[in-house]
Each structure stands twice: as C-alpha cells, then as structure tokens.
Amino acid sequence: MTDKHDPDQRGYFGEYGGRFLPEALIAAMDELTAVYEKARLDPEFTGEFDRLLRDYAGRPSLLTEAKRFAEHAGGARILLKREDLNHTGSHKINNVLGQALLTKRMGKKRVIAETGAGQHGVATATACALMGLDCVIYMGEVDTERQALNVARMRLLGAEVIAVKTGSRTLKDAINEALRDWVANVDTTHYLLGTAAGGHPFPVMVRNFHRIIGIEARQQCLDLIGRLPDVVAACVGGGSNAIGIFHGFLDDPEVRLVGLEPGGHGIESGEHGATLTEGTPGMLHGARSYLLQDEDGQTVEAYSISAGLDYPGVGPEHSYLKDIGRAEYRPVTDAEAMDAMMLLSRTEGIIPAIESSHALAGAQVLGRELGPDGVILVNLSGRGDKDMGTANKFFNLVPESDS
Amino acid sequence: MPLLDEGRSSLIGYLPAGFPTVEGSKSLLKAMVDGGCDLVEVGVPYSDPVMDGPTIQAAADQALANGFRLRHVFEVVEAVSAAGGKAVVMSYWNPIYHYGVDKFSRDLAAAGGLGIITPDLVPDEAAEWMAASQAHGLNRIFLVAPSSTEERIAMTAAASSGFLYATSVMGVTGARDVVSNAAPELVARVRAHTDLPIGVGLGVKSGAQAAELAAFADAVIVGSAFVTRSADGESGVAELAKELAEGVRNPVATAS
Numbered sequence: 001m002t003d004k005h006d007p008d009q010r011g012y013f014g015e016y017g018g019r020f021l022p023e024a025l026i027a028a029m030d031e032l033t034a035v036y037e038k039a040r041l042d043p044e045f046t047g048e049f050d051r052l053l054r055d056y057a058g059r060p061s062l063l064t065e066a067k068r069f070a071e072h073a074g075g076a077r078i079l080l081k082r083e084d085l086n087h088t089g090s091h092k093i094n095n096v097l098g099q100a101l102l103t104k105r106m107g108k109k110r111v112i113a114e115t116g117a118g119q120h121g122v123a124t125a126t127a128c129a130l131m132g133l134d135c136v137i138y139m140g141e142v143d144t145e146r147q148a149l150n151v152a153r154m155r156l157l158g159a160e161v162i163a164v165k166t167g168s169r170t171l172k173d174a175i176n177e178a179l180r181d182w183v184a185n186v187d188t189t190h191y192l193l194g195t196a197a198g199g200h201p202f203p204v205m206v207r208n209f210h211r212i213i214g215i216e217a218r219q220q221c222l223d224l225i226g227r228l229p230d231v232v233a234a235c236v237g238g239g240s241n242a243i244g245i246f247h248g249f250l251d252d253p254e255v256r257l258v259g260l261e262p263g264g265h266g267i268e269s270g271e272h273g274a275t276l277t278e279g280t281p282g283m284l285h286g287a288r289s290y291l292l293q294d295e296d297g298q299t300v301e302a303y304s305i306s307a308g309l310d311y312p313g314v315g316p317e318h319s320y321l322k323d324i325g326r327a328e329y330r331p332v333t334d335a336e337a338m339d340a341m342m343l344l345s346r347t348e349g350i351i352p353a354i355e356s357s358h359a360l361a362g363a364q365v366l367g368r369e370l371g372p373d374g375v376i377l378v379n380l381s382g383r384g385d386k387d388m389g390t391a392n393k394f395f396n397l398v399p400e401s402d403s
Numbered sequence: 001m002p003l004l005d006e007g008r009s010s011l012i013g014y015l016p017a018g019f020p021t022v023e024g025s026k027s028l029l030k031a032m033v034d035g036g037c038d039l040v041e042v043g044v045p046y047s048d049p050v051m052d053g054p055t056i057q058a059a060a061d062q063a064l065a066n067g068f069r070l071r072h073v074f075e076v077v078e079a080v081s082a083a084g085g086k087a088v089v090m091s092y093w094n095p096i097y098h099y100g101v102d103k104f105s106r107d108l109a110a111a112g113g114l115g116i117i118t119p120d121l122v123p124d125e126a127a128e129w130m131a132a133s134q135a136h137g138l139n140r141i142f143l144v145a146p147s148s149t150e151e152r153i154a155m156t157a158a159a160s161s162g163f164l165y166a167t168s169v170m171g172v173t174g175a176r177d178v179v180s181n182a183a184p185e186l187v188a189r190v191r192a193h194t195d196l197p198i199g200v201g202l203g204v205k206s207g208a209q210a211a212e213l214a215a216f217a218d219a220v221i222v223g224s225a226f227v228t229r230s231a232d233g234e235s236g237v238a239e240l241a242k243e244l245a246e247g248v249r250n251p252v253a254t255a256s
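Protein sequence lines, in the order shown, are assigned to chains A and B.
First residue of the first sequence? That's 1 in full-length UniProt numbering, and the numbers climb one at a time after it.
First residue of the second sequence? That's 1 in full-length UniProt numbering, and the numbers climb one at a time after it.
Take these hints with a grain of salt, some might be off.
Taking beta-carbon pairs under 8 Å as the criterion, some of the chain A residues facing chain B (in silico) [what the hints assert, rightly or not]: (1) 19; (2) 23; (3) 26; (4) 27; (5) 28; (6) 179; (7) 180; (8) 282; (9) 296.
By construction, these hints were calculated from the structure, which means they are not laboratory data.
All residues carry an ideal CB built from backbone N, CA and C; glycine is no exception.
All chains, please: the whole structure from these sequences, using the hints.
What follows is the structure in structure tokens.
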C-alpha cells in the first residue's frame with residue numbers, strides 16, 4: 001500500500017466499505033483491484049494520466065478568490081477551487097480519464113456508467129470518444145427529463161443513453177441497472193463507476209483519481225494567502241469531489257472538513273438526500289456505509305433539486321470520516337442552494353452547478369460562524385450550464401409570456 | 001437431515017413473500033409444494049434487487065406496494081412448513097443485516113425455515129452469518145458463478161451447507177429459451193471441490209429444460225417462470241410445478 005489513508009486489504013475504512021456484491025462480479029473486482037494496484041505504481045500509467053489531466057482536462061484548475069460573494073458570507077475569505085473550468089465542466093473528468101486508461105489496460109472495449117445530473121455520463125462519454133471505447137450510459141428517466149441537455153451531449157459524443165424506468169427512476173436505479181448489465185457482460189465490459197462508493201476497489205480508486213483536487217488546492221492556498229484554510233467545504237452526494245479535495249488536508253488536523261448534503265425540502269420534511277445527517281449504516285451498491293433506509297432495511301428514496309446529489313447512499317470513507325470526527329456533514333436545503341447559485345452568479349460572474357451551490361450555501365453559514373478572520377476553501381465542483389432548465393423553473397427567469 | 005435427499009434431482013421453486021399479498025403468497029407457495037417442489041425459496045422483496053431481471057423486480061415492487069413488511073417472511077415460511085413443505089429464504093443482505101443477523105436467524109429457525117440463500121453476500125463478508133447460522137442450525141447457501149475462480153469455488157463450497165447455488169449464466173434472473181451451455185461446465189468444476197448437492201438456477205422455465213438440467217445437477221431452481229405463472233393463480237403455479245417435477249424425475253442427457 002502506498003498511502004496511510006488507504007482502506008485495509010478487504011477495502012474497509014474502519015467498519016465501512018468491503019464488497020457486498022454478487023459472486024459473479026467478484027472476479028472482475030479482483031481483476032480491477034490487481035490492475036489498479038499495479039497501475040498506480042507504474043510511471044507509464046501515472047505519466048499518461050497526468051498528461052491527460054494537463055493537456056486534455058486543463059489541469060491544474062484555478063483557485064479564485066470570491067471577494068464580492070464573501071460579503072455575503074460573514075466577511076470570511078472564500079476561495080473557490082475551480083473544477084467547473086475542467087473540460088466537460090466538472091471534477092468528474094479526473095476519475096473517468098483514470099478509469100478509461102485502466103479499461104484499456106484490462107483489454108476491455110466496452111464501458112458502462114450511471115449518471116445522475118449527467119456530468120459523469122458526459123465525462124464518461126468524452127473519455128470513451130477520446131479512447132475509442134463503446135459507451136452505454138444508464139440514467140434515471142426523471143433525470144433524463146431534468147437534464148435533457150446532458151442527454152444530448154452524451155449522444156453527440158457517441159454514447160448510447162438508456163433511460164431507466166424502474167424504482168425512483170433516478171441515480172440509485174441507474175446504478176442498479178448498470179450493475180445488472182455488468183453481471184451479464186463483465187467479460188468485455190468495465191463499469192466506470194462515477195463516485196467514490198461501491199464495492200472495493202472503487203472507493204479508494206475513485207478517491208485517488210480525484211485527489212489531485214486537494215493536492216493542487218492546498219498548494220494554491222499556501223501560495224495565495226500563505227496559510228491553509230480554516231475549512232474545506234464540498235457538496236456530498238456519493239461524495240467524490242468532496243473526498244478528492246478532503247484528501248489533500250487529512251493530515252492537517254487544524255483544517256476542518258465540512259461536507260454539505262442535499263437537505264431538499266428540509267430534513268423535517270423527510271424529502272432530502274442527507275445520508276450522513278439522517279442515515280444509518282447498511283449495504284447498498286456493494287459497500288457498507290451510511291444509508292437512507294426504513295425500519296425494514298429497504299432503501300428510502302432520496303430527494304434533491306440537484307440530480308447529482310439525489311442519492312440515498314454515500315461513499316464509505318465519508319462514513320468513516322464522520323464516525324471518527326475528522327469530517328462533519330451538514331444539510332443545505334434546495335432553496336438555500338438555489339439562492340447561493342444566484343448569489344455567486346451575480347457577485348462573481350460564475351454560474352455554479354446546483355450540486356456545488358450546496359457547498360457555497362454551506363460556506364456562507366460557515367463564514368458567518370468564522371467571521372472576517374476565517375478562510376474557507378470551497379470546491380466548486382461543476383458549472384451550472386446544465387442546470388438552466390431547473391434554474392429557470394425555480395426563479396422564473398424566462399416567464400412564459402416573454403418567450 | 002440433509003436439505004435435499006430425494007435420491008434424484010430435486011425441484012426448487014422460488015416466489016417472493018408478500019406477492020401479490022402476504023396471504024396470496026402463502027397460497028401460491030403451498031400450491032408449489034403440492035405441485036411437487038421439494039424445496040421452496042421464499043424471496044424477500046427488496047427495493048434494490050440488482051441480481052433480478054424485470055419479472056422478479058416487478059413482483060417485489062408489487063409486494064412492497066401491497067404492504068409487505070420483513071416480519072411477514074416468517075409467517076410465510078411458517079405456512080410452507082405447515083403445508084408439509086421445506087423452505088429456505090432468499091434475501092439480499094441489507095434487510096437481514098438491518099433486522100439483526102442473529103435475530104433474523106433465530107426467528108427464521110423458529111418459523112421452521114431451513115436456511116438462507118444470499119445473492120449479494122459472499123463468504124468473505126459473512127463472519128456474522130457464519131456464527132448465526134451455526135447457532136440456529138440454518139443452512140448457508142452461497143452462490144457460485146461461471147466467472148468464479150477455482151480458488152473461490154473451493155472457498156465458497158467450504159463455507160456452504162445444504163447445497164451450493166450455481167448460477168448457470170452470467171446475468172440476472174429471468175426465464176430463457178435455452179439452457180446455458182455454461183451450466184454443465186460450471187457444475188463439473190464445482191463437483192471437483194465438494195460433495196454438497198449443486199443446484200442450478202437462472203433461466204429455467206419448462207419441464208424439458210428441467211429434465212436437461214437434472215441430467216447433471218442435483219437440483220433445478222426455478223423462479224421467474226413461477227412468478228409469471230402466478231398470474232394464473234394457484235392452479236397455474238401447481239401445474240408448472242407438476243411439469244417441472246416431472247422433468248427432474250426424467251433426466252435427459254443432451255448431446256453436448
């Protein structure tokens with residue numbers, strides 16, 4: 001092992017993680033683990049990955065201080081890690097480039113993936129186009145409607161998009177359907193999971209493909225302000241952007257790590273996706289982690305205005321960080337996130353994704369708690385272009401009579 | 001007493017508890033027993049059944065929509081026992097984990113249940129279940145797949161009791177027209193590692209297919225086809241059970 005924050009041999013972070021999967025998939029998970037463990041130490045692989053991040057994805061991403069936005073955050077300094085500027089518009093490109101390279105190493109020609117907001121689907125379709133891989137994206141029917149623009153992008157990139165009509169017809173069901181495909185086609189197909197969840201090795205592998213976010217941001221903070229931030233804030237659905245940026249600061253105990261979960265219509269309404277705030281440990285999609293479930297262990301449907309956070313599970317490392325007290329998790333409602341989205345747009349000229357807007361809303365609260373001496377690093381994980389339909393509906397930006 | 005000891009290939013039928021209702025599932029399962037199933041698998045409807053195809057997914061959704069609660073599984077198992085049948089439970093792991101593995105095992109044994117089939121629990125993660133099954137005298141039925149390595153087949157067989165569940169195709173549940181040619185090969189591979197009976201499932205829907213499987217498998221497992229036939233009520237289920245029971249009693253070796 002090359003990192004003291006890695007899980008144990010069986011993929012456990014403390015008591016979270018592992019592999020709760022059908023036997024039919026275990027051989028593929030073993031193969032993936034072996035190929036990944038070799039690749040992560042192979043200069044040829046890491047060199048190619050770094051080159052793609054630089055020359056294709058556009059890394060390093062900027063660190064932008066948001067001074068006008070900060071006036072609405074208790075005067076604390078707000079630093080934005082600009083993952084929205086990456087190629088394809090979010091942090092998702094980091095992980096897909098890594099996994100697509102692994103797919104080629106395994107000699108597989110077909111990639112499947114789930115997507116919620118469509119960011120991971122677009123990123124996957126992009127990497128597959130770049131590397132000449134067949135690509136099938138599973139997306140909940142509800143999400144294909146609220147993220148129609150991303151469906152068009154994926155199809156333009158040559159991917160087949162399958163609308164999933166089972167269950168809640170959102171991200172959770174897209175993962176179920178992708179797993180069913182994978183069981184049937186595992187010989188030829190890599191499941192390019194989009195978040196730091198699922199059976200081992202996905203949580204550690206996806207985290208490591210995203211850890212560049214934290215590595216860059218930590219140095220950029222030091223360069224810009226001469227010290228580390230007081231708080232690192234990131235939105236948490238499955239938790240990949242958050243774990244990527246948190247990882248750079250795990251060994252800096254003075255830096256608080258705060259994950260912002262989708263509070264939907266409010267925790268008390270029961271309509272939310274705040275898994276770490278309200279969930280209990282259980283197994284979903286291959287790992288033991290916090291989970292929104294009822295008293296019979298049936299998964300409870302999550303809700304969020306943000307398709308990318310609308311998920312009743314969460315990556316196991318977040319569950320571990322919560323339990324040991326290294327990270328804290330707070331809910332942000334739809335309305336708070338949408339207000340933050342508008343605020344950043346109008347104070348900084350940056351339109352954030354609704355997912356990332358949860359982190360911005362959380363940063364406003366944290367800024368008021370810390371006051372003007374505080375410094376908050378926010379992972380601006382994606383841009384908001386894909387969310388114009390939702391924003392228009394929420395703010396009535398283009399009233400029917402105007403159009 | 002061994003779980004399967006018919007001196008011939010056994011017939012194992014699956015239906016979800018609570019499908020279409022709790023009482024309805026008791027009647028359907030009783031009809032399966034009466035029709036000739038040697039063992040029934042009582043399925044636990046679950047919100048995220050990743051190993052199931054559309055037929056069983058829809059049945060599970062219907063059971064949940066009609067008010068199935070986990071505790072109902074015990075009364076359904078009890079009804080099977082009362083009808084003179086033998087029952088094991090098939091469940092994704094989270095409902096059992098959430099109920100409490102030891103408590104679930106205790107309550108299942110008390111209801112007359114004989115074991116649990118665990119489609120998403122591999123022996124590597126089963127320490128708690130190993131202990132609970134021993135404490136309460138339940139069979140541990142793990143799955144092996146065509147993709148399983150020799151090492152994993154040996155390890156899984158060593159952890160299992162009652163029988164081993166061999167998934168004959170790579171894929172989810174659902175009736176198929178042709179019995180997979182991966183099945184005989186998988187059974188032969190498993191045979192090299194264990195004396196346990198080997199049940200073959202995934203895709204069987206007809207007496208002819210059952211006869212074909214019975215030529216090399218110790219048990220033939222049928223699920224989706226029973227769900228589909230339950231549209232015709234108890235008589236439909238009993239008829240299918242009779243046809244399949246006839247099949248397992250008259251094995252037909254294929255040319256391959």
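Hints, verified against the model:
1. Because the beta carbon of residue 19 (chain A) sits about 6 Å from the nearest beta carbon in chain B, less than 8 Å, this interface hint is met.
2. Annotation: interface hint on residue 23 (chain A) holds; nearest CB of chain B at approximately 5 Å, less than 8 Å.
3. Restraint check, residue 26 (chain A) versus chain B: the minimum CB separation of about 6 Å is within 8 Å; hint holds.
4. The restraint placing residue 27 (chain A) at the interface with chain B holds, with a minimum CB-CB distance near 4 Å, inside the 8 Å limit.
5. With its C-beta approaching chain B no nearer than about 7 Å, residue 28 (chain A) sits inside the 8 Å limit, and its interface hint holds.
6. Here the hint on residue 179 (chain A) is kept, as its CB sits about 4 Å from the closest CB of chain B, short of 8 Å.
7. Because the closest C-beta pair between residue 180 (chain A) and chain B is about 5 Å apart, less than 8 Å, the hint holds.
8. Taken as an interface hint, residue 282 (chain A) checks out: its beta carbon lies about 5 Å from the nearest beta carbon of chain B, inside 8 Å.
9. Because the smallest distance between the Cβ of residue 296 (chain A) and any Cβ of chain B comes to about 4 Å, under 8 Å, the interface hint for this residue holds.
When the structure is compared with the earlier hints, no violation turns up for any of them.
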